[in-house]
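Use the sequences and the hints to build the structure in full.
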Amino acid sequence: TGSGTEGSSHFLQEGQVLDHHASCTSLYKKPFVESFEETPLLVAVLTYMGYGILTIFGYLRDFLRDWKFEKCHLAREREEQKDFVPLYQDFENFYTRNLYMRIRDNWNRPICSVPGAKMDLLERVTPDYNWTFEHTGNVLKDVINMGSYNYLGFAENTGTCADAASECTVKYGVGVSSTRQEIGNLDKHEELEILVARFLGVESSMAFGMGFATNSMNIPALTGKGCLILSDELNHASLVLGARLSGSTIRVFKHNNMQSLEKLLRDAIVHGQPRTHRPWKKILILVEGIYSMEGSIVRLPEVIALKKKYKAYLYLDEAHSIGALGPRGRGVVDYFGLDPSDVDIMMGTFTKSFGAAGGYIGGKKELIDYLRLHSHSTVYATSMSPPIIQQIITSMKCIMGEDGSTLGQERLCQLSENTTYFRRRLHEMGFIIYGNNDSPVVPLMLYMPAKIGAFGREMLKRNIGTVVVGFPATPIIESRARFCVSAAHTREMLDKALNAISEVGDLLQLKYSRKNRHGNEGSDSFSFLESHQD
Amino acid sequence: MKHAHAQSRDSVKMAAGQQWVLVEMVQAFYEAPAYHLILEGILILWIIRLLFSKTYKLQERSDLTEKEKEELIEEWQPEPLVPPVSKDHPSLNYDVVTGPPSHKIIVNGKECINFASFNFLGLLDSERVKLKALLSLKKYGVGTCGPRGFYGTFDVHLELEERLAKFMRTEEAIIYSYGFATIASAIPAYSKRGDIIFVDEAACFSIQKGLQASRSFVKHFKHNDMEDLERLLKEQEIEDQKNPRKARVIRRFIVVEGLYINTADICPLPDLVKLKYKYKVRIFLEESMSFGVLGEHGRGVTEHFGVNIDDIDLISANMENALASIGGFCCGRSFVIDHQRLSGQGYCFSASLPPMLASAAIEALNIMEEDPGIFRVLQDKCKHVHKALQGTPGLKVVGEPLAPALHLQLENSTGSRTNDLKLLRAIVDYSMDRQIALTLARYLEKEERFLPPPSIRVVVTVEQTQEEIERAAQCIREAAVKILK
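Chains A and B are the protein sequences, given in the same order.
Each residue of the first sequence is one higher than the one before, starting from 1 at the first, in the UniProt record's numbering.
Each residue of the second sequence is one higher than the one before, starting from 1 at the first, in the UniProt record's numbering.
Simulated from the structure, these hints should not be mistaken for lab results.
Heads up, some of the hints might be wrong.
[Stated by the list, open to error] Computed Cβ-Cβ distance ranges for the label pairs, DEER-style:
#1 B/S53 - A/K30: 49 to 57 Å
#2 A/T420 - B/D63: 49 to 57 Å
#3 A/A450 - B/D371: 47 to 55 Å
#4 B/E448 - A/E203: 28 to 36 Å
#5 A/F94 - B/I38: 40 to 48 Å
[Claimed, not checked] Derived contacts from chain B toward chain A, CB cut-off under 10 Å, selection only:
#6 A133
#7 Y178
#8 F180
#9 C204
#10 A213
#11 L342
#12 K446
[What the hints assert, rightly or not] Straight-line C-alpha distance at most 25 Å; calculated DSS-like pairs for lysine-lysine:
#13 A/K307 - B/K69
#14 A/K141 - B/K139
#15 B/K446 - A/K225
#16 B/K87 - A/K364
#17 B/K278 - A/K82
#18 A/K309 - B/K69
#19 A/K397 - B/K138
#20 A/K225 - B/K192
#21 B/K139 - A/K171
#22 B/K69 - A/K311
#23 A/K171 - B/K104
#24 B/K192 - A/K82
#25 A/K141 - B/K138
#26 A/K311 - B/K67
#27 A/K364 - A/K308
#28 B/K139 - A/K118
#29 B/K280 - A/K82
#30 A/K82 - B/K246
It should be emphasised that the depicted structure is a prediction, and the values quoted were computed from it without experimental measurement.
Just so you know, even glycine gets a beta-carbon here, dropped at the ideal spot from N, CA and C.
Written as structure tokens, this is what we have:
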């Protein structure tokens, strides 16, 4: 029941995926290798059992808490408001109270340094099983950071970017206190937008203060009632919220599955709007560059071919892929060697590869002019803070090589080397990792609920900071640990991390992969029982 | 192999046992009660019927041939992605500010006195705030590279949350990285489909987006009209009595702003609290304009009226006005606020606030706490500006004397909104030529539910001196006389 294996892909060897349509392979200039190995049956059964046991215990503990046998740590409603309609339904928070609370110490870990390749964590202890935390005052120094989205290593407090941002703070201050359409439009904003347009290779661009808000405020400005939005199954919450707020009809196609998308497009154009059968005003396809929970890269050449054939519009969210993919760092369009003007709306964020905050939209001049007037953000939201803009400008110039050094190009190469090395080693060790071979986001499957907590804690004991994710961000049995490879990681840091991962993997029996790393296939469903003991 | 052996042994046993079972079955048949047999008979007949009935097609499958489908696909023409925008649209070209947006602001090349940025406490220029931001930059870099859950929680965020909670005298506070997203994420975290929200007509756009995202029933009451609100609440009570079971699970909320940004007046909070307890509705208060402005210590409209802050379930404000930073926060009791840490969309799925901006906000809070006299000064200046702008020919002042951001609307509209905007823009341009920076209040005309009339925004800050205020009022009067004659 792996989530990514439905559709037309067949596994040949070592995760190589071949598409149905032979013509499609000619659209790709280099092999597109993605793998989503299926969940082993025994593991799936044990995982469901694990959740079942936790649920039973959850009910038991709720019962004990209700009848006051156990001390209740939850915050309570005020006495004066006891007869109001309860603010939360009990069952809504069942998962939070009984499952999330047990392993809560793996998230929201406070840090007190730059979120670079190494970071300092504040030590927390809990006297009452994660209900409350206390800071001991100790600092765990030099924890290797495999969790922050620092793909090109621009999260630093020294160097040209930090100096430029400091100067800007002294000159402009920190706040703006007005919106773009009123009096918050600084010369720095205009400078940034021209630079971003040049970077992406589009006519014009526009920058906003928050990446999440870029999606949720601009999709409603582009589509409305009578339009159709075709959105990928695993799109980010901001895209889903933007699509919902627009009021258009939303149809979901299977993750990265071009046959599903084509079928939806054909049905939509042939049958028109439901019930009235009027033709749709426009069709917008929402996809992301790199999907952050799967590590997969969108099949952009095929999407563009479909978009041109059926006259739909394409909205590409490059939150994770801008700066991280492509020989020149210009994102997934650069990675596939395509023309940026084929993508109608290129959206991305500055948080990940540029070490700042905010989002942008790039496209033709008519589109950006329209957004200047009708985007919710330019009318009602405060504009971006000047030092943040300066950080983006400096880092972008560095990537483009315009600051006179080769630092940008070195970092891009380093990231791509690190990604390939890291993925190869993990695969050789026998872990199940999802996603494309070139994606710097590496999800490692854990499956069982107890292993989520155990993995996070064991890795922290070995001084490595990792991110673990479970339900509801992922399907219930597919919890995973997610590593973000960065250009700032040196070979030794990666080796140290990999050794620790291997150790913890042996300890927790995480090496589920049946695809043998040395060439021969693992065969039928019973042989895993033998190969599982590796 | 073993499996096959076991199977054959079992089948032999089964054959012998089968005869035995058959006899028993026939016996049981005779002994069973009649209703049991009839029921089983009906069930068997039903199954047979289902097996042989025609299958329903879920969707009306059209009988189009492939060729017809191809033709339809060829013929279909979508609308252009965006409708064309005329080059001389008045809002297309923004006013460009060169340099910092401080008290003396350079707009479109002209140095003016700033009556347009929401810099109420003058902290945009503060050297202390800039210094703290610089120190933070040297320690943490610029961005946080992650959401709060994944190594994006810095000690400065925790400190800022504690300080805000302490300042507002509530149990807990939570920070968002974008002011607009604060109330727009907070409302849908609590109010879901089926719940009821009573909201003022003059609520700002971010509240409207929050209401839309929550998918709840929204009932608008006339601006600041407590009788209208009571009427709606009474109607809801009658509805509840018809269906008490449903009423016990539907949550109800009232969403109001402390100081409305669109009409610059204050909500009647004590009356709202009375209605809250009478009809058992929770109150969400949006204090972006009143935080750091009203009250003896700047704690907002609750301090202004002397209302117990625990009576308000959630207070939300943005840090972009008085605190001169970026972002927003919500504060209240832990019971209420803690829920947003897992279900506030703008909190969980977005990168956290850059630490230098959080440090700037902490320093701004320090300044506010050290010198509470600053609020008195601001309130006096607001009254002064309000008085100075009275009697401008052709323009009326909309807003209370205590409001730091007033609106100047046309007394007699020309009848068309575009023309009104042209006149007001002419007044703004005239003022800018004479070194007074003003701005038109901007709205999305097609998206607002209750579109306010066109107006000029006049903002009061503590940095404006007496004579600057006089000069501005004089300039606006001249402009009005000249342009609106």
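Structure-based check of all given hints:
1. B/S53 - A/K30: 49 to 57 Å: Since the Cβ atoms of B/S53 and A/K30 sit about 54 Å apart, the hinted range of 49 to 57 Å holds.
2. A/T420 - B/D63: 49 to 57 Å: Since the Cβ atoms of A/T420 and B/D63 sit about 53 Å apart, the hinted range of 49 to 57 Å holds.
3. A/A450 - B/D371: 47 to 55 Å: holds (54 Å)
4. B/E448 - A/E203: 28 to 36 Å: holds (30 Å)
5. A/F94 - B/I38: 40 to 48 Å: Given about 43 Å between the Cβ atoms, the range holds.
6. A133: holds (5 Å)
7. Y178: OK, holds: B/Y178 within 10 Å of chain A, min 4 Å.
8. F180: holds (4 Å)
9. C204: Interface hint status for B/C204: holds (7 Å vs cutoff 10 Å).
10. A213: holds (6 Å)
11. L342: holds (6 Å)
12. K446: Result: holds, 8 Å to nearest chain A Cβ.
13. A/K307 - B/K69: holds (17 Å)
14. A/K141 - B/K139: holds (15 Å)
15. B/K446 - A/K225: Within the cut-off at roughly 14 Å; holds.
16. B/K87 - A/K364: Given that 25 Å is the threshold and the Cα spacing comes to 15 Å, the pair holds.
17. B/K278 - A/K82: holds (13 Å)
18. A/K309 - B/K69: Measuring from Cα to Cα gives roughly 14 Å; hence the hint holds.
19. A/K397 - B/K138: holds (21 Å)
20. A/K225 - B/K192: holds (22 Å)
21. B/K139 - A/K171: Between B/K139 and A/K171 the Cα gap is close to 19 Å, so the pair holds against 25 Å.
22. B/K69 - A/K311: Status holds; Cα separation ~15 Å.
23. A/K171 - B/K104: Within the cut-off at roughly 14 Å; holds.
24. B/K192 - A/K82: holds (21 Å)
25. A/K141 - B/K138: holds (18 Å)
26. A/K311 - B/K67: Roughly 18 Å between the alpha carbons, so the hint for A/K311 and B/K67 holds.
27. A/K364 - A/K308: Given pair A/K364, A/K308 holds - Cα atoms ~17 Å apart, limit 25 Å.
28. B/K139 - A/K118: Distance ~14 Å between B/K139 and A/K118 Cα, so the pair holds.
29. B/K280 - A/K82: holds (10 Å)
30. A/K82 - B/K246: Holds, at about 18 Å.
Violated hints are absent here; each numbered hint is respected by the structure.
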